Each structure stands twice: as C-alpha cells, then as structure tokens.
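Number of protein chains: 4
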Amino acid sequence: MLSFESDYTTGAHEQILRRLLETNLDPQPGYGSDSYCESARQKIRQACACPEADIFFLTGGTQTNALVISSLLQQHEGVLAAETGHISTHEAGAIEASGHKVLTLPHHSGKVDAADVEQFCTRFYQDETCSHMVPPGMVYISHPTEYGTLYSKAELEALSRVCKKFELPLFMDGARLGYGLAGMGADVTLPDIAALCDVFYIGGTKVGALCGEAVVFTRGNMPKHFLTLVKRRGALLAKGRLLGVQFDTLFTDGLYEQLGRHAIAMAKRLIEIFRSRGYRFYLESPTNQQFIILENTILERLREYVRFSFWEALDSSHTVVRFAVSWSTTSQDLDQLEAILDA
Amino acid sequence: MLSFESDYTTGAHEQILRRLLETNLDPQPGYGSDSYCESARQKIRQACACPEADIFFLTGGTQTNALVISSLLQQHEGVLAAETGHISTHEAGAIEASGHKVLTLPHHSGKVDAADVEQFCTRFYQDETCSHMVPPGMVYISHPTEYGTLYSKAELEALSRVCKKFELPLFMDGARLGYGLAGMGADVTLPDIAALCDVFYIGGTKVGALCGEAVVFTRGNMPKHFLTLVKRRGALLAKGRLLGVQFDTLFTDGLYEQLGRHAIAMAKRLIEIFRSRGYRFYLESPTNQQFIILENTILERLREYVRFSFWEALDSSHTVVRFAVSWSTTSQDLDQLEAILDA
Amino acid sequence: MLSFESDYTTGAHEQILRRLLETNLDPQPGYGSDSYCESARQKIRQACACPEADIFFLTGGTQTNALVISSLLQQHEGVLAAETGHISTHEAGAIEASGHKVLTLPHHSGKVDAADVEQFCTRFYQDETCSHMVPPGMVYISHPTEYGTLYSKAELEALSRVCKKFELPLFMDGARLGYGLAGMGADVTLPDIAALCDVFYIGGTKVGALCGEAVVFTRGNMPKHFLTLVKRRGALLAKGRLLGVQFDTLFTDGLYEQLGRHAIAMAKRLIEIFRSRGYRFYLESPTNQQFIILENTILERLREYVRFSFWEALDSSHTVVRFAVSWSTTSQDLDQLEAILDA
Amino acid sequence: MLSFESDYTTGAHEQILRRLLETNLDPQPGYGSDSYCESARQKIRQACACPEADIFFLTGGTQTNALVISSLLQQHEGVLAAETGHISTHEAGAIEASGHKVLTLPHHSGKVDAADVEQFCTRFYQDETCSHMVPPGMVYISHPTEYGTLYSKAELEALSRVCKKFELPLFMDGARLGYGLAGMGADVTLPDIAALCDVFYIGGTKVGALCGEAVVFTRGNMPKHFLTLVKRRGALLAKGRLLGVQFDTLFTDGLYEQLGRHAIAMAKRLIEIFRSRGYRFYLESPTNQQFIILENTILERLREYVRFSFWEALDSSHTVVRFAVSWSTTSQDLDQLEAILDA
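Residue numbers (my numbering), protein chains in the order written: chain S, 33 to 375; chain V, 33 to 375; chain X, 33 to 375; chain E, 33 to 375.
Take these hints with a grain of salt, some might be off.
[As the list claims (entries may be wrong)] What follows is a list of derived Cβ distance ranges for each label pair:
#1 X:GLN158 - S:TYR311: 39 to 47 angstroms
#2 X:PHE156 - V:GLU199: 57 to 65 angstroms
#3 X:THR329 - E:SER65: 42 to 50 angstroms
#4 V:GLN290 - S:SER67: 54 to 62 angstroms
#5 V:PRO223 - S:SER67: 38 to 46 angstroms
#6 S:PRO223 - X:GLN158: 22 to 30 angstroms
#7 X:GLU336 - E:ASP285: 34 to 42 angstroms
#8 X:ALA345 - S:PRO223: 38 to 46 angstroms
#9 V:GLU160 - E:GLY252: 39 to 47 angstroms
#10 E:MET33 - V:LEU346: 56 to 64 angstroms
#11 X:ALA227 - E:ASP285: 28 to 36 angstroms
#12 V:THR362 - E:LYS196: 48 to 56 angstroms
#13 S:PHE342 - X:LEU346: 41 to 49 angstroms
Think of the hints as simulated: they come from the structure by calculation, not from any bench.
Note that the structure is a prediction, hence the values are computed from the model and not measured.
The beta-carbon is built from N, C-alpha and C at its ideal position, and this holds for glycine as well.
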C-alpha cells in the first residue's frame, strides 16, 4: 500500500548499505573507536565549521534526548520545552525517568519563543519560594518542530541570547535536521546551528540511515565521562562502526544535504497536489511533514488506498492528518497519490 | 593487524547484509510492528519449541539486561548475580542507575551455584532485620559466562528449582548464546533454556548481526506495557525492521547454529595451537573466549602483531589474556596466529 | 513580630509536648512498631469509620506525596494533578525524581474537575500513539487545596466515580485536612474521605504537631513492602514513637477536630477584619489560608509590622498576599492585626 | 521488660523536651531558617573548630547518607564502603535507589583500610575497560562502625591521605558519634574529624534526641542547591526548629559529650558484668554496642527477661547477640541485668 505514514518506513540510502558491505570484514575496535566513526566525526566538524566539536553517535532520538539532557542538567534542574515538544509528549516520560521535570512553555506553531523563556526565568527567580521549585537548567527545541516548522536565524539568535543571559545550554533536537536545512525559505545553516546552540543532534534515522543520530557538542562541553554515561544507559553500541559508516557516507559528497533537498522537492509537489484540489492545511509547514484537514468521509475513503497519520480531531466532521515524505519518496508515489485523490 | 580482541570486530554475516538490501525499500510500519519482526518472532518461537513466547528485539546487551531486570523486579528488590557477572562489573552501573542493587554471589568459574542461591535466600528471610535490606527479586546468569564457561543441563535444572522455590524469575543473558549452544560438551538446547528460564535473550551482536538481541519471555510474562518501558528508556528503534530482518535471517535455515558451530571449530583449533606450544590456560573454556596465561615478555612481543584483551595480572611476571574467536574468524587468521607464535 | 506567614511557625499543641514528656523513658521498639503508634492507628481507624485501614506515619508532606505516588504507580505511569497542585509546583520535582511525570490538568480555584479527568483519559486512550506517551496511573488532589478551597461531597463523589471507571487510585493530600474538615460550609467528613479515596493523609505538621503525617490506605491497598520502600527513601524514623505519641494525642478526645475549629474561627474573624475595612479577596477561601489583594504601598507599610506571604503580582500596583492562621493563632494576634491596619 | 535492644528505645534527654516546651510558641520561619537552627550551627562550628563549616539538619541516618552521597557523587560514580557498612547492608538499597553503586571493600572489624582503598583505585584505573565500570567517587566510613569499633587518628589520617590522592571526598557516618568520641581509648576528636573528613554527620537520634542528624560540610563544599535537593527527596522539615532546638541543646554546656561519656561508663560496666561471669565477646568494642557470644540455651532463657538483638549464628550451638546501652541506660538497668544473669 502507498505509504506517507512517516519518514521511517523504508531502510537506508543504497550507498549506505553498499558501504556497509564493502567495510564489513575489516576488523575494527568497538564502542565508537573505529576509523569510520573517526572519519565521520571529521567530516561533520567540517560541515559544521566547528573544528573543536565533540561528536558522539547514538542510535535513536529519544535515547539521545534523554542522554544529552540528563548529562547536562544538574540533578535538581528541569528542561524548558514547548508543551508540544517531543520530550513533553511522545517519549514515554524518558526525561522524568532520569529524574528531571520538563518545564513546559506555550508553543507557537511548535516553536519556543525567546520572550517566553525570558519571562519564565525572570518570574522564577523573583519567586520567594523558588528554592522549593524546579529551576530551569537548559532549553530544548526541535528543528524542524513536531509541526514541521522552522526557526528563522533571527529567532534562533534571540533564543541563544536569552539562554546565554540565564546560563542555560541551548539544545536542538535535529531528528529531521536534513529536512530543516533544505526547508522552504530556511535561512539557518549547519554552521549557524553550531554557532548558536551548545549541543544539537543531526538525525540519521529519519534522513537516510537505518538508525543513528550524531550528537554535536559545540563548545568543548561534552561531559568528560560521556561514554560511561552512554554505557550506563545501555546506549553504547558494541559495533560502533554501524553508526560510523552510515554518517561517514551521509557526510561524503553532500549526500545528507542531497537527501534533504530531494524530500523538500517531494513535499512541494505534495502541497501542490493537495492545494490545487482545494484541500486546506492545518498550518504552513516548510518541511517534509504536511498537516492536511480532511473531511471525515474523505479520510475514510483515502485510508483504503494510502497510509497516513491521524493528528487530531478538528471538529465533529474534520480531522487533521499528517502526510510525511522522505528521502525515499518517489515521483511515482506522488503520481499514485494524485490518481487516488482523483479516483 | 590480526585481531582476536573480541567477537564484535567485524560487521554482519553477508546474508544479513544481502537481505537488508533486498528488503530496503519495502515500506513497513515502525517500532517492531513490521512483517520481518513478526516472521523472526515466529521462527524463534519454533526454534525454542515455545509457541507462547513473547519476543522483543532490542539493540544491545546492557540495554537488554537493564530493561529486563528493571521491568521484572519490584522497585525495592535486587537481582542476584555472580560477582563476575556482566551486570556486576562491566555495565557502568546500569542496574543501579535503574534503582536496583546487584546482590552478588561467589562465582564458580563465572557460574552461579544453585546452593548459593538457596543459602542466600534462606539466610535473608531468617534475618530479623530483613525488612531493612534489599530482598532478592530475580536471578541473573550468563551462558556462556564472562569466562566462557557453560551451565550443564543439570546445573540449570537445579537453578530453576531453587528459583521456583523462592519465586524468583530466572534470567539468562545470552549475549554469546550461539557459542554456548555449540560449545564443546554442551548439553543445553534452546528448548531446554526456554523450558528452564523465565526470560532469556539470544545474542545477535556477537553472533553475526550488526546489532540486536532477541528477548524471549517464556511464560506469557512479558510486562503488559513493555513497549512503553522500552520507549521510556530510549531503546525503541524506529526502524525495527533492522532487527527483524537480521533475526529473521539468523533463524532461517539454521544460520545462527551454523555460525556458532563455526566459531567453536575455530576455538578448538585455537586451543590446539596454544596447547601444543606449551601455553597454559587460566581455565577450561568450552566456547569462543579462551583465557591464556602469557609470560609478560611474550605478551609484549605478541602485542606487536596481534590484538587480544588483557584480563588480569596473574603474578608479577604472568598475565591472563583473552583471545576471542567468532563467526567471522577464518582458518587464515589461525594460520597467521601460528606463524606469529612460531616466529 | 506578628506572624501570619504560614501555619507552621510555632511548635506543637501543649498536650502533645506534655505527652512526649510523660512517655519519654518508656522503652519501646523502633520503626513504628511501638505501642503509641499502634494506639494511634486504632483511633484513626475509628475516626475514619474504616476498620480495615492500613495506616503509616511519615514525617512531612512532600515525603508522603512522593512515597505514596511512587509506590502505587507502575513505573511508566504518571499522576494526574491540578497545574496548581503542590506536587506540580512546590516539591522541587520530588515526583519526577522518583521517575514519574506529573500530568497537569487545568485548575478550578485549585481544584481538579472530574470532567477534566474523564476527558483526559478518554482522549489518551483514543490516541494511536499512546504507547509512546505517559499513561495516567492515579489522581492527586489536595483538600484544602493550595488556594484554601474545598471539594464538596458531590465533587468528591464525581471524582471517585471517574477514578473507578478508569481504574485510577484517588489520592488526597490532606496536609491541612484539619482545617478542611472544619472549613466554612464543609460537607465532607473523615469517613466520607475514607469511603471515597483509595489513600489519603491526615496532616499533622500544619495542624498542631511538631511533624508528622498519617497515611491512610483505605482498601487493604498498602503495598506489601511499604516499610521497606519507606526505609529505601530514608523516611523511616527510628523513634517512630515521636509520630505515634503525637497522633495518639491528636486523636484523643477530639483534639484534631478542635484545633481545626479553632483555626477556622480565627479565619472568620480575619476575613471580617479585612472585609470590614474594604479590602478585597482574591478568591473565597473557606479555610485557614486567606488571599487578600493589597495595594503595593499598603503592602510595604504592613510589612514592617506583620509577616505574611507574597502570592503573586495582580497588576502593576496590586499584589495578592496570603495570611495564614492556624491552631495556635490567638485572639490577641488578631487584635494586634486590627491595630496595625488602623494605625 | 528490661531492654538493651538498641540505642533508640527511649525518647530524648529531658533538657531537650524542656527546651521544646519553652520555645514552643515563639513564631519562627520554616525550613531551617529559624534562630534555633542558626544558634545550633554556630555552636557546632565551634565544637568542631571549623568556623567555615556548612551545617544542615536532617531527620535520620539513611536519609542523610543517601542525600550526602547522591549530592556529592557525579551520576556515574559509586561510593566505596566496607562490605559491612550500613549503606551496604541495612538501608534497603537507598544508595542504589538514587542511582549509585556501593563498591564494597573487605572490612576489618567493620573498618575500611586505607591500603584497600589505594589498591582498589590503583587497579581500577589500570583496567583497560574501566570506562565500562563504575568509578569510585567517594569513601564512606562509619565511626563507630556497625561493630562498635573506632578508627584511630592514625587510621583516619591514612584514609584522608589516600582520599586526597585519588580526589575522593571522605564521608563519615556518625550516627553514633557521641559514643565514638567518648569511646574507650578513643584518640579522635570532633576537630580531628572536621580536619580529616570532607563531610560527616553528628548523630542525634541515637544520642539523646528524638530525631535529627547534623551534617557538617567542612570545606565550603556543601552543594550550592543542597536545600532544593533536600526538598526534592522529601527530607526538608517544615518546622526545622524541631531539629534546631535539639542540637542547640545538645551543644550547650557539653551535653552531647556528657551523654556519650555516660553511655561509655554504662558499657564498661556491662562488659565487666559479662566478662566476670565468663561470657565471651565476639570482638572488642570500645563503644556502646557489645557483641556477646551466647550458648543457645542461655540465649533462650535470657530472652524471657531482657530484650537484645540477634546478630548472627556463630555455630550450631552458639549465637552472637548485641547488647546496646545508651545515654538513657541507668545503673538500675545494669543491676537488673546482673540479677537476671545470676538468677
């Protein structure tokens, strides 16, 4: 069945699998100390224009969020995030499981506003009872957000400023970063992110890899014993080469950017397909996730031919659904979608 | 350089990589609900002669140990393990990080003795102050152990009996299970393990896979919300297919057993190579890890040509080292080793 | 200086101190197994008309909330609470520190509405992605609330019904329960609470004791190993008699109720003092905490003569402050307050 | 019944109760910011000859151990302790509950030997796999130990030296410190302890108080947010005055030392009573806990007249039992004991 259900329905870009085959029997030390990881780290430092970056490869997004947040926070601190942030809603309480509160802020199409951070922190420290409360210890944002939206460079600079003012590390969840960098109207580059965030991760799982996220600590701020913390969580891959080979391939000859551009081209055509047929969008997303308002009768009919995600009920007769394209979406997929819509 | 450093220095068996390529663009739902995982679960149930088994695929051993133990224990309980058990020594405190004490027992060449479990439990409940102590809540064993040794069927039956008596789930860490099933003199089969253990895992990472462990709950005892617990720990792979395809391949046409047998054949030759040259062994290991006593001067010379692991200092002039063979060790590797020893 | 700062500024009711002296040298076993604890438990069972209740004495409110919640929740579950609930705001993340998320609901003058619980749970289980989310595992309410307000019997019955429907234990934080039972217009009795809640606690610290809260499990639902869980948290008092003697005294000859009635009489006069002088109240509180709106110039002047708590800024020239009376507030204190206001 | 069961069977020294009565209605701010706590802190600083000490009052020993250890360790570190240490055995896993492993060392009559710490640390950092292991992050000792034994000044200096060498804070559990300071042959003073330990606590619960332990951070090393950490654990007493008044009394006119001396005088007579009648001791304890070897038939007879603690079975016909005296033991109690033994 035709699938726009998510951006992780297929395997990996073919070059990755080919490279895994080529390197398969080369004996390498474990736990990320292999030469492929080292090469990938060098290429990512270069792509980020951040030669001093510490880079660690992990397997998935929730794991990465929980590890980064719990290793950078002091034990009594919480993490500020949009109420719609992935860590607030869809990580099964992984942050709380490591002992930390997610301090929620209102979202603006999925984004955190610098002014809201400022207000939260100002009020917090004015409160006489604040020693009985959970102090903010870092700021979590996702880019693209859970709604597919993007921070502008100006918005990111404002967040960075307020974070510096209150000495809060700024952490960007880049599970879909490839689609953000290539997003429609995007003005934020990898070097911008490395300059403005204290730590971020480059998502592989949703952008062409079988699995894998590359955490980038941009200021020599990787905790000294990070490997031990990763092991302690059960997140240290014995065959770190699996992650090294994948990221080395993604950051060779611009493959990561190319996969992002391809997905955004597919997203543009998807928007055009729906828009030209009079469908409404829940919000304007410049990236690979599109939120479309469907009449419930139409939704039921479409479901027989194509997979997509339920997002939320809009009213008694309309539903917001998500169509996701990805690095592996083809023109033929979109041709099929058109045919289904016109049937 | 020639490497006997560990059993995770190479990638995956070629059939696994080929199968990943073949299935690569087939769209599948995420998080382990794909058809490859389902097929792999069926094949494993069959191999275990345990049709009612619940099977969950995870990425690595420490992750698996921590998840199984923390989801089966009550919050105040501890886990009994040999003082040499992997969870006692080399998991960076992952069990304690989830709030549980590892209650250590003396080891017998790496193994836990049923009589020691019985004595521990009996004394525990006789102690007037036991409500101020950590009660045993399950028993952890590894098979093969960290010393490469194996439980006999009789030993496993004795453990199972004492566990039943004290209502303790028996959990087997099978990170190297393939090498245990094929071990020299082994009399324990997969169906035996499924019959005698409450939960165990079949190691993939060290036996031919890129990554992956298959947890088998043998008594309908997988916690109801296990998927949520896995997600909460950041251990849920979005592309569960990566694990499904690998285990489906390993359990097709007996590949898993075949890889085990190959490694044991290599181990026999390795033993013969060392023994015939007068080297002493620290203990008799029937599996793929061999512990050899080297004079320190010889150790230094060998190190220039071949990688192996330091185990422990035996005395001021001798060291115990570990040579590990695996599914990917070749006869040429052993020829080279002979040449080096004879040089 | 005159103090209406809180309801824990003085020591204990004199009868409690006298009884501590009388019983001081009587040797008793530790950890709550003394005869005073046993006697107190019997008297509380009787006062609650709940002969099967399990009762455990703890030292303070946050400790009690964290212990009750973490011992009744499954590890992946969260606790529903008003966004203004004490566990949501002023317990320094104690719930998250034990691994659980506080799932916040809108508050209605500090109270949780049964309809909000129903809606939350219904939507939760309708969500396709709910296995990646934190499921509600119990409902926390405070009575009186942090705003001094009270549940009516009808409201409590409605909450109890929806909790039963979704199999959620209903937990009442009674840090100020004495003031709630005697509250103006209160129609909820101790037996009502025991009948409608699965677990609640009777606050001692704020109602006449030096320290101490009596947790009442009303349905034979005290976790089997609760004492071990209390010890594990470092909350088990060696000299449990300190708590036993205090609660035994509070539940002898109706002292606990009497202290509540006294405080409410003082609260009525406090209200009258402010109201008759034209001061406005932020909300109508029927209990010992009163929330008064002060012009900032008046606030500054009053501060020189009397202690009270800042609550929140209302607008640029007005502030909400809290005046708390208690079991130890005297008519003379209120005479002095009148004099200060009229100076 | 005559009781030598423990040192917490009675209430508090009468002066403490009198002082609680005298100060009872004096309004004071909460959470340890009252004037009694401040006064007690000053007196303790003086008694320790440590003017820069940070002092925090807590309620009980396990709570104190867990808070101090979890607030000084980094999250991946463990605490070194004797295998017989209270945190290793009788705190229901409180240390593990906060995520940390207790790394056990052999005990020498309950004591940790500096040479064992040195060896552990040296071997740890020599191990190639140590990044997969739990590194030692502090050293825990108890003084008196669980066997009533005491460190000599020389032993404490040796421990302090090795701790400095490996940058490990040295933490002394002084639950029974009063009995240690006055112990037979003791050569360690409060100022010695303050000079040699990074943090220690002065036990109140077992030495004349209703409850309470005074934690002394000797090097300006109290964590900046310690109050918030205490609140987060539910260990912050609203009426901190209860602890302040008690310690202020204990450290006025040498009461704490006096209680210690009294108990040791009682211990000497207890030893004499048993020794002169030919009873054997399990070990030589210079403090208030005495470990006596009883024939089981005698044990059964004594049990009818006097309470004491079972310690361990020595052989099939003998048992080690503990008799504890305390600040409240009287000469009459010992007269009665003699009568019972001679009956």
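Against the structure, the hints:
| no. | hint | result |
| --- | --- | --- |
| 1 | X:GLN158 - S:TYR311: 39 to 47 angstroms | violated, 24 angstroms |
| 2 | X:PHE156 - V:GLU199: 57 to 65 angstroms | violated, 34 angstroms |
| 3 | X:THR329 - E:SER65: 42 to 50 angstroms | violated, 28 angstroms |
| 4 | V:GLN290 - S:SER67: 54 to 62 angstroms | violated, 30 angstroms |
| 5 | V:PRO223 - S:SER67: 38 to 46 angstroms | holds, 42 angstroms |
| 6 | S:PRO223 - X:GLN158: 22 to 30 angstroms | violated, 43 angstroms |
| 7 | X:GLU336 - E:ASP285: 34 to 42 angstroms | holds, 37 angstroms |
| 8 | X:ALA345 - S:PRO223: 38 to 46 angstroms | holds, 42 angstroms |
| 9 | V:GLU160 - E:GLY252: 39 to 47 angstroms | holds, 42 angstroms |
| 10 | E:MET33 - V:LEU346: 56 to 64 angstroms | holds, 57 angstroms |
| 11 | X:ALA227 - E:ASP285: 28 to 36 angstroms | violated, 54 angstroms |
| 12 | V:THR362 - E:LYS196: 48 to 56 angstroms | holds, 52 angstroms |
| 13 | S:PHE342 - X:LEU346: 41 to 49 angstroms | holds, 42 angstroms |
Hints 1, 2, 3, 4, 6 and 11 from the earlier list are contradicted by this structure; the remaining hints agree with it.
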